[in-house]
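Take each chain as given, in its own frame, and dock them per the hints.
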Amino acid sequence: MTNQRAPHQREPSAHEVFEVLARDHADHLLVFLRAVVRDRSMVDDVFQETMMVAWRRLADFDRTRSFGAWLRGIGSRVAMDFAGRRRMIVADPTMLQEIEEHSVAFDGDHAQAFQTRMGTLDDCIERLPTDYSQMVQMVYRAELPLRTIAVNLALTEEAVKKRIQRARALLGECLQRKGVLA
Amino acid sequence: MPTTQRSLGMMSNNPNQSESNSNDAPEDRFVDALLTHKFTETTESMDARINRVLRAVESQNNRNYSIRKWQWWALPIAALLAISLLVMPTTSSASAVVRSAAKVASKSVDRQYQVVLMPKARRDGEQPPPILATLDVRDSQHMRITIHYQRGRTEIRGRDGETSWEQRPDGSAVIADHDLPWPRWVETPDGSLLVDSMAAMLEDLDDSYDIVKVDDAEACGQTGLLQIRASFPTSEPALANTSNEKVRRNPAERIEMCIDPKTNEVIRLEMFFPSNDGPPPDGQRGPRPDGPRAGGERGPPPDGERGPPPDGQRGPPPNGHRGPRPDGPRAGGERGPPRGGPLGPPQSISFERTDTKSFPSNWFNAPANAVEEIPPQ
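Residue numbers (my numbering), protein chains in the order written: chain A, 79 to 260; chain B, 84 to 460.
A couple of the hints might just be wrong.
What the hints assert, rightly or not - The calculated DSS-like cross-link candidates involving lysine-lysine, where the alpha carbons are at most 27 Å apart (straight line), are:
1. A:Lys256 to A:Lys239
2. B:Lys186 to B:Lys121
3. B:Lys440 to B:Lys345
4. B:Lys186 to B:Lys440
5. B:Lys345 to B:Lys203
6. B:Lys186 to B:Lys345
7. A:Lys240 to B:Lys121
8. B:Lys440 to A:Lys239
9. B:Lys345 to A:Lys256
Just so you know, these hints were derived from the structure itself, not from any lab.
It should be emphasised that the depicted structure is a prediction, and the values quoted were computed from it without experimental measurement.
Chain B with its partners taken away, still in its complex shape (with noise of 0.2 Å):
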């Protein structure tokens, strides 16, 4: 008969906690859970139990296979969840507040935001400065970031809904092929910026993620902002049920947003990265025979994917000019891996809504020194 006694409990001056205050005895609290459940349990209240079980696999169900078509008729639903959120936080509310911010997010709206990556500290220890840049959205295809490097050195990488642009730090500017796509993970000699709209951002935070009202968010600190945090779940069916090409397009761990409850204005978002280094094997992810995986470490994007470069592997250029791909230009412009092959993400990004409210409207234009890029040969 097992015996042990041990201090295990749940933080104390908990109101929620039994008032038999059962001890540590595995026992103890057994009697004491068997007890609270003849007492306080009926049929009726079991039933229910049930029965809200019951709805959910149902709904989830539905959601399957109508998500496209519900996310554009019970938008009007999902704000009036945002709303409630206030007086009743549930974790399906908090997604819906989700939604809808990614809704807010995808408008023709200008805005700005103060993006700090801390990337992931070397092999050495040594812990890289922090890398600053600010992004300019308009939507989904007129974006255009200005990365602040040591000593005054700026990049500048834009797209003005036709074509993506790169202004160089030694002010030489060109124009890459008019259908590359907007890079997701920007290139830096000190690591890697996560870029993009923040619709596509929000989008990301689909079943995948356990998405929660919170208090004590470390992103928004005291602003009386709404706080969400995303997370993702260490359980064996999440990891199971998630596609890698979501964990690619997006593999952070945590993800606290700070909403503005009245606009559903995304104010401040921060996302933590896994902190272990390799990728998966081949790059699949399924269920873990051992269960899940401490904190939920997660790997790098595989190889073969954009992502991250390996931290410190790469040095700006002579002069800031970037040379010709050791392996060729990429079909559809795509980046191939970073030599030496991807390490693990910075260990956080952190996207912050400045005051900025507009943008001159050949602000995403390519400069007018921009020349077409030609590839190496």
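One chain only, chain A, in its complex shape (with noise of 0.2 Å):
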């Protein structure tokens, strides 16, 4: 065995290296964008921010370290930049650092590592009663507005954004059981 390369073989580029490593890691960046963002029309802006910088700084990666808990810190400060140019505030430090432990939980460092937590999401969407799994269909999925929800469901909207709330709970503790949350 030898770590010789054949001749035909050559070094990928770093573009090709970073298209890998955009690939791999992109869901989860978002996921971790919008936990600490929420404003949608932000979040684009700052994921392509966040990308763009990670490429202008990719010899400065340490390979031996995470590359996606890489990522989220320059995520973090690319946030906070918008936000403070827009004179909002996202999260502070504290909130940060909780988010980011949600997430080192959640990250298997790869996309198909990434897919299988969200298997385990579906699986806990599927655990839940049913008020609640019909509560996270009709907001996430549907995307219908709460007072759409309050008027159907004969709920105040309080009630809905309760339910809606306890919903998220209890798929929390789901996930916290079986390992992928923190």
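This is the structure:
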């Protein structure tokens, strides 16, 4: 066994390396940024800029460490910078740290692992009591306004908010039990 | 397990915020983000995101080696982008507007700007009065600035295409070395004026600045003009990739421009400088091991470069005369660092276009009484 490359093999270019890494970590980065930023219009810009900064700094990446964590570190700073320019507050350092802890627990550091963990989320959704899984479907899949949901279910908007929050709490507990959330 | 509950959310009533109304517990936010991702993103949408990034990377690489050529042939494209900015504001199109504005500003057209410099507060907390000036420009070789001091005194400096000249407050006038470069920073008793062609200032706003269209530029007010903000980003890469020379030329941390969308002319430009005083060690800038500086703080030009003088350290010479330089003349007419070393630039400088549209043909010439300056022995 030798480590020498065959003559026809070449080192992948930085661009190629970056494309592989970007594809592997895009989903996870986007989830992280959504948790930090939450403003939908800003998430897209922050994602794009984070990736661009990562590309420019790729040579600085320490390959012995997690690329996903490095990317999220850049994402945090970019998010803060964007929020500052819009005079918004996204999260304080403690909040960022705790979101990062959840990300680390969820981080498989490659795309396949991310999809596996999303499968765990599917399992947890299936285990929700009907009222709550119905709420998840209406809010996240159908993206119905809370007011519409409230009217259809003969609930107040406040009750709808509480129910969806409870659904998320149950999902969080389920994901923790399965070891994919801090 | 983190269970902190805080009220740190985005601004309320934000239509872009998730309607799911996640609370401010990190875990709740994270699960909300997972659910949003699960139900809104598809393989195709993620591919599209990545492809957008890769196209931008490709574009950046190409731009790095062909920027000069690009600027020539792509100007019509930049103009089109400027128009599209009105309906679809993006960072890149805002940059195109600035490039287009730089092109317009580089044309040989007479124009005048009112300049207001706000000096930094002195160390004792006293705020010096603003310095007022009028900057007349025909092109980068024909400029004339009239600096209005207190008690009605004025000082005029000009460049006529071949020589630079100065008319002092006492009325005497001198012609400097013919190859004396136009001083970008004009020293005054109360501070320094950044004086340059609008085109040169705009050309400094390249990739090292984040250029975006905004709706709330302090400099523009409710004018209906296109409002562009260039911010020096606080990110490590931006700091690392910015040359010291560029920072010396233009150390502003934020520049706000009000641009006429029809003509791409800069109607008003205001530069805001960082509040910190000390220059970075040996004038070098680079990535900071502890991450970006808060607020994008940046030091003033390093020692040995032309830069603003120390605030409050220079007083007007008796009778307005300048004495010989203590350190003798500079090769090529360069100014050395002000005595006592450089301090930070002023708080802000604004340039506002006036209605003046033409100057007499000899407006930029040296005064008739101007004499050749004899360097001190």
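Given the hint that B:Lys440 pairs with A:Lys239, does the C-alpha gap stay at or below 27 Å? With Cα atoms ~61 Å apart, B:Lys440 and A:Lys239 exceed 27 Å; violated.
- Hey, A:Lys240 versus B:Lys121, does the alpha-carbon distance stay inside 27 Å? holds, 21 Å
Restraint status (C-alpha distance of B:Lys345 to A:Lys256 at most 27 Å):
With Cα atoms ~60 Å apart, B:Lys345 and A:Lys256 exceed 27 Å; violated.
Going straight from one Cα to the other, do B:Lys186 and B:Lys345 come out at no more than 27 Å? Since the Cα atoms of B:Lys186 and B:Lys345 sit roughly 14 Å apart, the hinted pair holds (cutoff 27 Å).
| Hinted pair B:Lys440 and B:Lys345, Cα distance within 27 Å | Holds: B:Lys440 and B:Lys345 sit about 17 Å apart, inside 27 Å.
(Q) Hint check: B:Lys345 vs B:Lys203, CA-CA at most 27 Å. Holds or violated? (A) Since the Cα atoms of B:Lys345 and B:Lys203 sit roughly 36 Å apart, the hinted pair is violated (cutoff 27 Å).
Next pair to validate is B:Lys186 with B:Lys121; report whether the Cα-Cα distance is within 27 Å. violated, 47 Å
Please verify whether A:Lys256 and A:Lys239 have alpha carbons no more than 27 Å apart.
The hint holds at about 26 Å.
Given the hinted pair B:Lys186 and B:Lys440, is their Cα-Cα distance within 27 Å? holds, 18 Å
In summary, the structure is inconsistent with hints 2, 5, 8 and 9 from the numbered list given earlier, while agreeing with the others.
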